[in-house]
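Engineer: Line by line, the protein sequences give chains A and B.
Heads up, the first sequence is in my numbering, so the first residue is 1 and it goes up one at a time.
Heads up, the second sequence is in my numbering, so the first residue is 1 and it goes up one at a time.
Where hints are given, some of them may not hold.
For lysine to aspartate or glutamate, the following EDC-like pairs were computed, each having C-alpha atoms within a straight-line distance of at most 20 angstroms [unchecked claim]:
| hint | chain 1 | residue 1 | chain 2 | residue 2 |
| --- | --- | --- | --- | --- |
| 1 | B | K130 | B | D384 |
| 2 | B | K431 | B | E78 |
| 3 | B | K569 | B | E558 |
| 4 | A | K34 | B | E217 |
| 5 | B | K651 | B | D639 |
| 6 | B | K664 | B | D360 |
| 7 | B | K559 | B | E436 |
| 8 | A | K27 | B | D269 |
| 9 | B | K498 | B | D562 |
| 10 | A | K34 | B | E558 |
| 11 | B | K632 | B | D589 |
| 12 | B | K103 | A | D43 |
| 13 | A | K34 | B | E436 |
| 14 | B | K397 | A | D19 |
| 15 | A | K34 | B | E221 |
| 16 | A | K34 | B | D360 |
| 17 | B | K664 | B | E558 |
| 18 | B | K397 | A | E51 |
| 19 | B | K771 | B | E436 |
| 20 | A | K34 | B | E78 |
| 21 | B | K229 | B | D384 |
| 22 | A | K34 | B | E77 |
| 23 | B | K103 | A | D81 |
| 24 | B | K764 | B | E436 |
| 25 | A | K21 | B | E665 |
The following residues of chain A were derived to be distant from chain B, with all beta-carbon distances above 10 angstroms [stated by the list, open to error]:
| hint | residue |
| --- | --- |
| 26 | C15 |
| 27 | R24 |
| 28 | Q49 |
| 29 | K72 |
| 30 | E88 |
Note that these hints are calculated values from the structure, not bench results.
Please read all numbers here as calculations on a predicted model, not as lab measurements.
Just so it is clear, CB atoms sit at the ideal spot from N, CA and C, and this is done for glycine as well.
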Amino acid sequence: MSRHRMRRRQGKNCCMLRDVKQGRRAKILCHHAKGAVRQRLLDLGFVPQTEIQVLRRAPLGDPIECCVANYKVALRNSEADLIEVECEE
Amino acid sequence: MTSDPEFSRKQLLVGLAGQQNAGKSTTFNMLTGANQHIANYPGVTVDKKSGTYRYKDVRVETVDLPGTYSLTSFSLEERVTRDFLITEKPDVIVNVVDASSLKRSLYFTFQVLEMGFPVVVSLNMMDVAKRNGTHVDISRLEHRLGVNVIPTVGRKGRGKTELRDAILDTAKRSEHNALCITYEELEPDVAALQAMLEDTDLVESYPVRWLAVKLIEGDSEAERIVRSKLGEGCDVLAKAKQIHIRFAENHYMDVADFMVGCRDRLATDIVETCVTEEKDGRDRITEMIDKVVLNRWAAPVFLIATVFVIYQLSIVKGYELTNYWWPYLAKLRGFVAGILPDAGLLIDPYIRSMGLWMMDSANALLNYIPIFLILFSLIAILEDSGYMARIAFILDKLFHSFGLHGQSTLPYILGGVFAGGCAVPGVMSTKGIPDEQSRMATILTVPYMNCLAKIPFYTLLINVFFAPYKSWAMLFLSTITIFVALLVARLLTATVLKSLETAPFVMELPKYHPPTIFGVGQRAIERTWQYIKKVGTIVVAVSVCVFTLLQFPGVPEEKMTDFQSQMDKAVATFQKKIQKSIYADQFQDQASLVSLINLYNDFKNERMTIKGKDASLALAERYRQNHPDLFKFIKPGKDKDAKIINKAARKLVSKRKTLRRQMKEVQISTSFLGMVGRSLEPVTQWAGFNWKINVAILSSFAARESSVATIGVLYQQGADESKSLEERMGAEASQGGFTPLHALAIMVFFALYPPCLATTIMIKVQTGSYKWMLFSIIFPTTLGFIVASLIYTGGSALNLTGIQMMGVFYCSVVVLAIVTGLFKSWKRKPGPLADLRQEMAPD
């Protein structure tokens, strides 16, 4: 059961994907987005419990390049703001 | 799986479903061949492509469903696909899957399987997968999914028979044991809800397990279905809600997230057992390249270098190539001229002038083919190598602050950011932009780019009015258009496009791989072909309309008699002069005279198209043989009597040329288009346009090229002294008080002026509405006119010269663009985050 148990959002490691530093790995906890945006993120592999690595930011600071499910995806800060993750130690 | 011996169906309905870019269209073409037709789904503007084929005595109707990532109800395409599946109940679903990204494709496959349809998986793009080092174990995948899996390469037509066989087999089968997606600890709840649904009427028209799953997930469409059949507040809905809440309480997790997780784990499991990835080090290479190319400081350098190389190779080198290409087009024109009825002395048969006019309009465009081939090849290399996605990544922030999208880069480059391009392929390539609002904004602003056809007109005006500042003026024109396009995009997305759907920017950055010659060549030729088709159809058709408008009602009677008498006088002079010659008898009737003049012109024209002494000697020999009795008057050699005729004939030809030009000018100014141009003068005077410019602008709607041709006819005084068009325009301009300020207003208007007809038609195709097509014509015209008036009237009031006004205008646009771009955070702030926490974790 505990496998799916989501850690309560109180640990200091929980943050939004936007705030994850370059090169760090994290695990997706949940989406704050609703409807179409959420569905699109899920379709593209941003599935809860998946591991994600922030590779770099674009030269102008937005979008962010991530590695998720073995392929590279770019997403904007505004979407990264809606994905809650847990940083690895 | 058993075969039904009683199978006697003669007709099958097959739905072709899959995610975008999985190669659905190529698979569809492969299956159905040329036998297709396109209609609309009832009530919506989504294309419904269907086609039929006959195979083993069975007529198979195939419907190409819209490409969607999933079968939820968030977008129009998804709803259309889902409604089709539920209402039409196809006999077989062919799920087209991109073999190179199997895992994500499986999400979709699961949804189709969950709906209980007999499925055939067409594992497409096997060649790409192989090149990427991905190996798929087909039989194991078949075993896991419980359906037929057929490897195909739709582009090359590989796997066609196997796929057709599999479709028939699947349709014949009466039992299926396809994979059932299970939801771990949620399974009892799903089963319970399913049992409840089985007792209702819904069981007849809907797959109940699918309905149960969707209800638990909270899918609005499924809820609507249940509500409409069972009424508000029925047990089923209450039960679903209860499951939803209980799960969230027990697991601190949204039940939908959990279900997605289940599917994801299943997909991961299948991929792990069926797919082996060869580690070819491309991951490492990609990362290494990206480290340099996407580096904060190096990225802009690489980007600018890329654009520079494209410009140098396609525009600069491509123009050089057109020198070699043009003679062929000129030969084609000569050939057409030869077929058409011969020219008259003063008036040509309509069919001849119209044929040549069409030919000239087409040639002006076809001349650019070498440029487009190079340009489109380079762009295809950028796309196939994976760098195009990086460009979108780098520039997204910039574009996004004006309401556009990172993927607007490709349409803009094709449209000719500063290098010169064509808006037709530009508008076409907006298809890939997932965000509807940005896509529309891109479609409506691509025409502002500097299409190749605008450039001759710019060059003409710059050479006449801004000769000392040539390079500055060119820089001004090539960059101002980008700033204007960005500002317009911003304006449109904040107003008329505001209500359109936006989508998150989530874009895959593919691994780099060397592009193949086949792939690049195919795409370059395909895009160039679109361009040629445009020339062959729309432009030629419209050129006929413009021709008619310029030709009629024709030269007034009294002017005509005047021209005629002048011509008669010239002929009389000719006759007098040749009396001494022994050949004088040959030219007593008009017909022989005309044929001499025509032969003279033909020979002269043809000689212009060839180079080198040998070639011209050969040409002369050919003419001598074909016209033994007339050619001696064209090349008299030592024959004194022939020389007399030759001299007189040359005079006559030149007189005829002048008369015909004057006649044409009268004709244009009295033509319908000329009348419209004149009647617009009171309004356009605010922008400084006289009627000649108005006519040029109106005629350029057919294709921009024609503007220079029209201006060429209108400014033809002094053309006989072989002055260039530049000099003629300059001379007349200085008399008529035409200043650089006028020219600036015209150039800016031309830059903002509506897209040519071919582009507007492409806009209709891409937006699916005449409303937007009309908008794309009216809005830029109004905007262009207002801006041009501001420049001309404002510049005159402030007493600024053309070049000063150019500077002022440029600075104000750039400042405006920067201010708009920097201020106002574009996106709405994300919704309140607290909601979910309260919902999920009630403390």
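Engineer: Does each hint hold? Answer for all of them.
Structural biologist: How the hints compare with the structure:
| no. | hint | verdict |
| --- | --- | --- |
| 1 | B:K130 / B:D384 | 16 angstroms, holds |
| 2 | B:K431 / B:E78 | 17 angstroms, holds |
| 3 | B:K569 / B:E558 | 17 angstroms, holds |
| 4 | A:K34 / B:E217 | 13 angstroms, holds |
| 5 | B:K651 / B:D639 | 19 angstroms, holds |
| 6 | B:K664 / B:D360 | 16 angstroms, holds |
| 7 | B:K559 / B:E436 | 57 angstroms, violated |
| 8 | A:K27 / B:D269 | 19 angstroms, holds |
| 9 | B:K498 / B:D562 | 61 angstroms, violated |
| 10 | A:K34 / B:E558 | 77 angstroms, violated |
| 11 | B:K632 / B:D589 | 19 angstroms, holds |
| 12 | B:K103 / A:D43 | 10 angstroms, holds |
| 13 | A:K34 / B:E436 | 18 angstroms, holds |
| 14 | B:K397 / A:D19 | 18 angstroms, holds |
| 15 | A:K34 / B:E221 | 15 angstroms, holds |
| 16 | A:K34 / B:D360 | 57 angstroms, violated |
| 17 | B:K664 / B:E558 | 15 angstroms, holds |
| 18 | B:K397 / A:E51 | 26 angstroms, violated |
| 19 | B:K771 / B:E436 | 16 angstroms, holds |
| 20 | A:K34 / B:E78 | 17 angstroms, holds |
| 21 | B:K229 / B:D384 | 50 angstroms, violated |
| 22 | A:K34 / B:E77 | 19 angstroms, holds |
| 23 | B:K103 / A:D81 | 25 angstroms, violated |
| 24 | B:K764 / B:E436 | 15 angstroms, holds |
| 25 | A:K21 / B:E665 | 71 angstroms, violated |
| 26 | C15 | 12 angstroms, holds |
| 27 | R24 | 16 angstroms, holds |
| 28 | Q49 | 6 angstroms, violated |
| 29 | K72 | 4 angstroms, violated |
| 30 | E88 | 19 angstroms, holds |
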